[in-house]
Amino acid sequence: MLEYLKLETWLPENVSTYGAEIDFLFYVIYYITGVAFILVAAAMVAFLIIFRHREGRRARYVHGNTVLEIVWTVGTALIVIVLGIMSEPLWARIKQQVPPSDIQVRVTGKQFNWEILYPGPDGKFETADDVQMDNELHVPVNRVVQVFLTSKDVIHSFFLPNLRLKQDALPGRTIQAWFEATKPGVYEIPCAELCGFGHSGMLGYLTVHSAKDYEKWVKEQWPQS
Amino acid sequence: MAEPTGIQTAHPVEHVHHEELGFWRTYVFSTDHKTIAKQFLFLGLFMMVIGGLLALMLRWQLAWPETAVPGFGWVPEPYMFEGIIPPETYNMLFTMHATIMIFFVIMPILVGCFGNFLIPLMIGARDMAFPTLNMLSFWVGAVAGVVMLTGFFVPGGHAATGWTAYAPLSAKAIYTGVDWGQNLWCISLIILAISSMMGSINYITTIINMRAPGMTWFRLPLVIWSLFIVAILLLLALPVLTSGLAMLLFDRMAGTHFFLPEGGGEPLLWQHLFWFFGHPEVYVLILPAMGVASDVLSTFSRKPIFGYRSMVYALIGIAFLSWLVWGHHMFQSGMNPALGTSFMISTMIIAVPSAIKTFNWLGTLYGGSIRFTTPMLNTLAFISMFVIGGLSGIFMASTPVDMFIHDTYFIVAHIHYVVFGGSIFGLFAAIYYWFPKMFGRMMNEPLGKIHFWLTFVAFNCVFIPMHILGVGGMMRRIYNPTQYEFLASLQPINVFITISAIVLGLAQIPFVINFFWSLFAGKEAGRNPWQANTLEWSAPSPPPHGNWGEKIPVVYHGPYEYSVPEVAEDYLPQDSPLVVPALAKH
Ligand code: HEM
Ligand SMILES: [Cu+2]
Ligand SMILES: [Cu+2]
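Read top to bottom, the protein sequences are chains H and A.
Under the numbering used here, the first residue of the first sequence is numbered 2, with each subsequent residue one higher.
Under the numbering used here, the first residue of the second sequence is numbered 938, with each subsequent residue one higher.
One or more hints might be untrue.
Claimed, not checked - Dumping the calculated DSS-like pairs for lysine-lysine here, alpha-carbon to alpha-carbon at most 25 Å:
(1) A:Lys-1460 / H:Lys-111
(2) A:Lys-1109 / H:Lys-153
(3) H:Lys-125 / H:Lys-111
What the hints assert, rightly or not - Pair by pair, the computed Cβ-Cβ distance ranges are:
(4) H:Gly-202 / A:Cys-1398: 44 to 54 Å
(5) A:Pro-1477 / H:Ile-86: 22 to 32 Å
(6) H:Arg-53 / A:Arg-1464: 18 to 28 Å
(7) H:Asp-131 / A:Met-1190: 17 to 27 Å
(8) H:Arg-53 / A:Ile-1436: 41 to 51 Å
(9) H:Leu-49 / A:Met-1190: 26 to 36 Å
(10) H:Val-187 / A:Glu-1003: 21 to 31 Å
(11) A:Tyr-1250 / H:Leu-49: 48 to 58 Å
Hints in this document: simulated from the structure, not taken from any laboratory.
Note that CB positions come from ideal geometry on N, CA and C, so glycine has one too.
Take these sequences, add in the hints, and give me the full structure.
So this is what it looks like as structure tokens:
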């Protein structure tokens, strides 16, 4: 019974480096808000029972309590500000500081596919050895992958539930994102932003290869090099 | 000048109202704030039925994807295929469900109906400052409603881009196949904004200028404070929405490129404009319910509201901060992530005034003498459900956590805990509480309690599991969750939610019966059936044109003087001239 209250019962398996930190923060907020809710609900139920109307008892005539009001204002403010301070560095690391990497792909959303462009062995986009695949993203495990996200038509959202990454893809600009997968396997890449009648079912696949498999896959795609 | 005693007040000031106005001026184009309030109420309740049916159709599709919805075989192709909902129609359904519930149910009832009904009656005025403008406000709003409903019948169907209408999806017909549907959506909301502007100006002017003698700012009931703040929010937020809508219409119809990158436009501009309006708007939906809750809670705890002044300051604080948090809807949008951090901090801070209000409500219960009437039960539900909605907001305020739960059912759960759990329970509390004043008859208590308990239980069965779907990663606005492997294990939850939603829909039947039955056959209410303090209870039920006979009440006390030790009764109406030493302090 108790396992239904655990987040990991419901969360998709995490296979990214920063995903574990996001889950940790998720847990911190879950416990803090959980305790807050239980306290408020318990107080409310208790008051409703104790102070229910009974003949001959009058309500107390009080208008407030300044000390109490200051205490709960400051207490709440402290908790939420600490949560903000805890969130900031992780956010900055994920969205602001893209680590260097030689594994790069361009992901372009369009109604209703993910076009994945690989730069090929020369590591440069828009050269003869580029290869484009629809809805298939292949990456090696334990390596930082840089994604250059854009869209050809409307807004889409690049969502990797198992890596806890979500970033909208906008037409007219390119946004950088990154992730590092920690476990080989095949994971889904749904679109998370309404993009038209085919939004549901706009779905790509992320294949995380072990180092050796990845080499094999590269060889298959670019046999001449 | 001499004191305006005897002569002036004895004069039948309102003699003009004894004229026969005829059917049209009395029931249709009335300028009486109470009639206009009822018109808003019936408009809102009618639209609630439509909005609710749309939601049930959505739920059917999510539980049993691509099977025929029972009873909908008659809808012609291409909107439905022998009762089966295609994805285009599904997108239209959730767009219109939210649009109708937000703009044509909650706003007309909480702001339109109760704003109109309560403001003059609770501040001691005979009507609104601008009665004709008030009438116009309703009829312009009704036109907006007709335009909105027309959208269902145009070729291509109604708007299908979500209530948030993100560009470029909404800015070009080819992206959705919807042409006039989206245009009418924009036009209707522009018209509705004009209606709300007229209402807001009226509310603000009336509250500033027409308070009865003795009704100082800090003797105003909290529901009036909240409506005052709401009117200011609307006045400042709506022009931004209308500008955005006009630009969207130009992009669609005149070939401009405000939001289309191919012509140098900026898709994020729409989101900034929309949410700059949108976040204050969500407070427009909740603040009146907070006001209602404060008044009902104090009345049925027979106890002064705890921390009246901090309640007022919290309202003002929320109103101020609500201009600084819009970016929390755009954390993952491609907006500069550094900006995301500052919006995270402001969003965390806006949770503080919400918490203050909650603690003050608990403080009001403490030491009370609590009566569990139907309005009180709905108020208690409002408070506890709002707590859940406020707490879930903190998850999304944390930018890294939001990265995962943004655009999932976690957001859908949050929305419904604040807007259904908050605004709708507040709305029911208000209807049960002021129905006797509006119509002169009591609603039936046992039926009310049946309605309440069924609604409360079914509501939680519908929306608690949506948090789980969100934690599981299920995206909002998807047509068919069974298309995704990682969601397969969650499908039984979708079925459970849908069954609960059907129960929730059926649970409204006792309310409808109670409402119409009480309208004609309810027990006569008398002036003050709840033994409450505020001024509306000093007028007859229902109040006549002009509200009070010859004399406007004079106010001597604050609105929440319950169980004052020196007074024999446990309430002390605001217009009671009784001099009570214990009150000197307050
Ligand atoms: C404690 C206070 C609150 C906090 C911290 C909070 C926080 C948030 C955040 C961060 C989001 C954006 C989530 C996302 O899209 O990823 C959000 C969405 C939303 N909130 Fe709140 N919220 C609070 C209270 C409220 C209240 C009182 C209401 C309304 C009555 C409300 C209504 C909404 C709605 C309607 C949305 C979703 C809009 C949409 O995308 O369709 N929230 N909230
Ligand atoms: Cu999409
Ligand atoms: Cu917001």
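Results for each hint:
Distance hint between A:Lys-1460 and H:Lys-111 is unfulfilled; the C-alpha atoms sit about 62 Å from each other, more than 25 Å. A threshold of 25 Å between alpha carbons decides the hint, and for A:Lys-1109 with H:Lys-153 the separation of about 14 Å falls inside it, so the pair holds. A distance of roughly 23 Å separates the Cα atoms of H:Lys-125 and H:Lys-111; the hinted pair therefore holds under the 25 Å criterion. A beta carbon spacing of about 28 Å between H:Gly-202 and A:Cys-1398 contradicts the range 44 to 54 Å that was offered as a hint.
Hint check: A:Pro-1477 to H:Ile-86, Cβ distance near 57 Å, so the stated range 22 to 32 Å is violated. Distance hint check for H:Arg-53 and A:Arg-1464: the Cβ-Cβ separation is about 27 Å, which falls inside the suggested range of 18 to 28 Å. Checked against the given bound of 17 to 27 Å, the beta carbons of H:Asp-131 and A:Met-1190, roughly 39 Å apart, lie outside it. Separation of H:Arg-53 from A:Ile-1436 is about 34 Å and departs from the stated range, judged on CB atoms against 41 to 51 Å.
Here the CB-CB span from H:Leu-49 to A:Met-1190 is close to 56 Å, at odds with the stated 26 to 36 Å. The given range of 21 to 31 Å is respected by H:Val-187 and A:Glu-1003, whose C-beta atoms sit roughly 26 Å from each other. Evaluation of the 48 to 58 Å hint for A:Tyr-1250 and H:Leu-49 yields a failure: the beta carbon distance comes to about 27 Å.
Taken one by one, the earlier hints fail for this structure at numbers 1, 4, 5, 7, 8, 9, 11, listed in ascending order.
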